[in-house]
Amino acid sequence: MFNWDSVRRFAETVYIYVVRATFKWVLHVLTGRSEVERLLEAAVKSKNRATTVYGIENALLLSKSLALRQLPDSCPPEHVGSAVQLIVKSKAIDFGKRPSVSRPLALVVEQIVGYRRLIQLVEAARREKYDSIDGTHEAKLFQLWALLKPGVSLEKRITKQWQEIGFQGNDPATDFRGMGLLGLEQLVYLAHFEKAEAQMMLSLSHHPKLGFPFAIAGITMTSLSRELLNTGLLKNHFYNAVLGVPVLVDFHRVYCRIFSLFCAAWKRADPASVMEFNVVKEQFHQNLIAYLRKDNAKLDSACNISLIYDVST
Amino acid sequence: MGLLSILRKFKTQPGKELRILLLGLDNAGKTTLLKNLASEDIAHITPTQGFNIKSVVSDDIKLNVWDIGGQRKIRPYWKNYFENTDVLIYVIDSSDKKRFEETGMELTELLEEEKLQGVPVMIFANKQDLVNAAKASEIAEGLQLLSIRDRAWQIQACSAVSGEGVKDGMDWISKNLKHSGKK
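Going down the list, the protein sequences come from chains R and P.
If you're matching positions, the first sequence starts at 1 in the working numbering and goes up one per residue.
If you're matching positions, the second sequence starts at 1001 in the working numbering and goes up one per residue.
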């Protein structure tokens, strides 16, 4: 049978390719610069770095050269130097005339390949299951308690005291589930490096009406952050906020921001009880996605709940 | 298996909206079971706060499965979800022997609820893939299930992770709905 749909898709692909190639050629003739060069020069003027990094990422992915097309997914961050040489060679950038281009291009490529590396780092941490036999895991769990409840000692390892910081029962080990050690790492990071914020969130979690289980809410936020990362929705943030290769701590910072924004969204929703958790979370998730799609998205301390909930303004 | 194929078993009840309630202690495997039924990925599950719901519509039937969080603090809210329940699925972690007493008490309380009177109950002895899991027959004995006389009930060994036993349990549910004579 004749498949019109695939014919249409094929025609669209040819059209886009032809238009793109023609457009690039015209610009090349007019400016005497390649697409990558033009994008890099725009980066200097533009406020939103993400637009430039995305532009170069797309230029690579749509390149005629197979080596360039495969570069974003196959080049490890340690080999960015040779990747840059490859781009320079294929795009015929003359560094003799424009030496200023080399370092900015390396930073951009580091961002592109670094995002992919970050996904792998996060997955490795997530895949490590929480294991009560492992001393380092247990030490981290006790550290979380000490950070969140300074001056209060745990009576024993299996105790209902864990519920005070929002685990479900007497043994937190079963609550990490699909998020593994990543869930614990991020709670510890929040409690350690954002002490004041963490205490405010913990105190909200004890509110008679607005209360919710703090620790498992945190694990849910780990899951949400990971999903945003894996689906590429955190690219705008990372391309705007982190020059060069992002590391795990940069992802923990995003997690802290998301968890803190969720608490603000929860207060704003004024739910009747914790049973509304997933409904509020889903609304928050959708609003966050809409915000992260904007090319100036940046989950730093300046990003507040009204930015997320009043996207149109 | 998927919820759609389960729906086909219920085809003898056109025009009906079926409500299935999933309860059990925290970490029993309710959400994993729900995801298994919906043919979704089970690798990234987190503890349920509040509830999850999955619905499927096919032809003239709508199947709603409600998965309510199991931690002690939110068990008082379970009763808000009893109304119009067609089948209760109670999930037990067969490897968590320390909490058999607690799960038995919760189940007994559920069976005494007026709004759940006569509602068929399917008890999944979950996590049979773990080496230290108790057999379904041991759990039935420990929880004195044989004393349940006011409704249709069944205990089914299963693993929500591998899917083993889940289909048998759903088969039982579809058959017992037919015989329950509810409109």
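What the hints contain is simulated information worked out from the structure, not anything from laboratory work.
For glycine and all other residues, C-beta sits at the position ideal for the given N, C-alpha and C.
Some hints here could point you the wrong way.
[Said to hold, decoys possible] Under 10 Å between C-beta atoms, here's a sample of chain P residues computed to sit facing chain R:
hint, residue
1, Leu-1025
2, Ala-1038
3, Ser-1039
4, Ile-1042
5, Thr-1046
6, Thr-1048
7, Lys-1054
8, Ser-1055
9, Val-1057
10, Gly-1069
11, Gln-1071
12, Ile-1074
13, Glu-1083
14, Asn-1084
15, Asp-1096
16, Lys-1097
[What the hints assert, rightly or not] Here are the simulated SDA-like pairs of lysine to any residue, each with C-alpha atoms no more than 25 Å apart in a straight line:
hint, chain 1, residue 1, chain 2, residue 2
17, P, Lys-1097, P, Lys-1135
18, P, Lys-1073, R, Lys-24
19, R, Lys-156, P, Arg-1072
20, R, Lys-160, P, Ala-1152
21, P, Lys-1167, P, Ala-1152
22, P, Lys-1035, R, Leu-181
[To be verified] Facing chain R, according to a computed beta carbon distance under 8 Å, are these residues of chain P, among others:
hint, residue
23, His-1044
24, Tyr-1077
25, Phe-1100
26, Ser-1137
27, Ser-1162
28, Gly-1163
29, Gly-1165
- Query: Given P/Ser-1137 as an interface hint, is the shortest Cβ-Cβ distance to chain R below 8 Å?
  - Reply: Violated: closest Cβ of chain R sits about 25 Å from P/Ser-1137, beyond 8 Å.
- Message: Using the nearest Cβ pair, does P/Gly-1165 come within less than 8 Å of chain R?
- Response: Check failed: Cβ of P/Gly-1165 comes no nearer than 21 Å to chain R, outside 8 Å.
- Task: Return the status of the interface hint for P/Ala-1038: holds when the least beta-carbon distance to chain R is below 10 Å, violated otherwise.
- Result: 15 Å, violated
- Task: Tell me if P/Ile-1074 is really an interface residue toward chain R, meaning its C-beta lies closer than 10 Å to one of theirs.
- Result: 6 Å, holds
- Residue hint P/His-1044, partner chain R, criterion CB-CB below 8 Å: 4 Å, holds
- Item | Given hint R/Lys-24 paired with P/Lys-1073 - CA-CA distance at most 25 Å | With Cα atoms ~62 Å apart, P/Lys-1073 and R/Lys-24 exceed 25 Å; violated.
- Item | Hinted contact P/Asp-1096 with chain R - closest CB pair below 10 Å | 9 Å, holds
- With a cut-off of 10 Å on the beta carbons, see whether P/Lys-1054 makes it to chain R. 12 Å, violated
- Query: When the nearest CB of chain R is found for P/Thr-1048, is that gap smaller than 10 Å?
  - Reply: Holds. Min distance 8 Å.
- Hint validity - P/Thr-1046 Cβ closer than 10 Å to any chain R Cβ: 5 Å, holds
- Message: Against the 25 Å threshold, does the CA-CA distance of P/Lys-1097 and P/Lys-1135 hold or violate the hint?
- Response: Measuring from Cα to Cα gives roughly 11 Å; hence the hint holds.
- Query: With 8 Å as the cut and Cβ atoms as the points, is P/Tyr-1077 at the interface with chain R?
  - Reply: 5 Å, holds
This entry does not satisfy hints 2, 3, 7, 8, 9, 13, 14, 16, 18, 20, 25, 26, 27, 28 and 29, going by the numbered hints stated previously.
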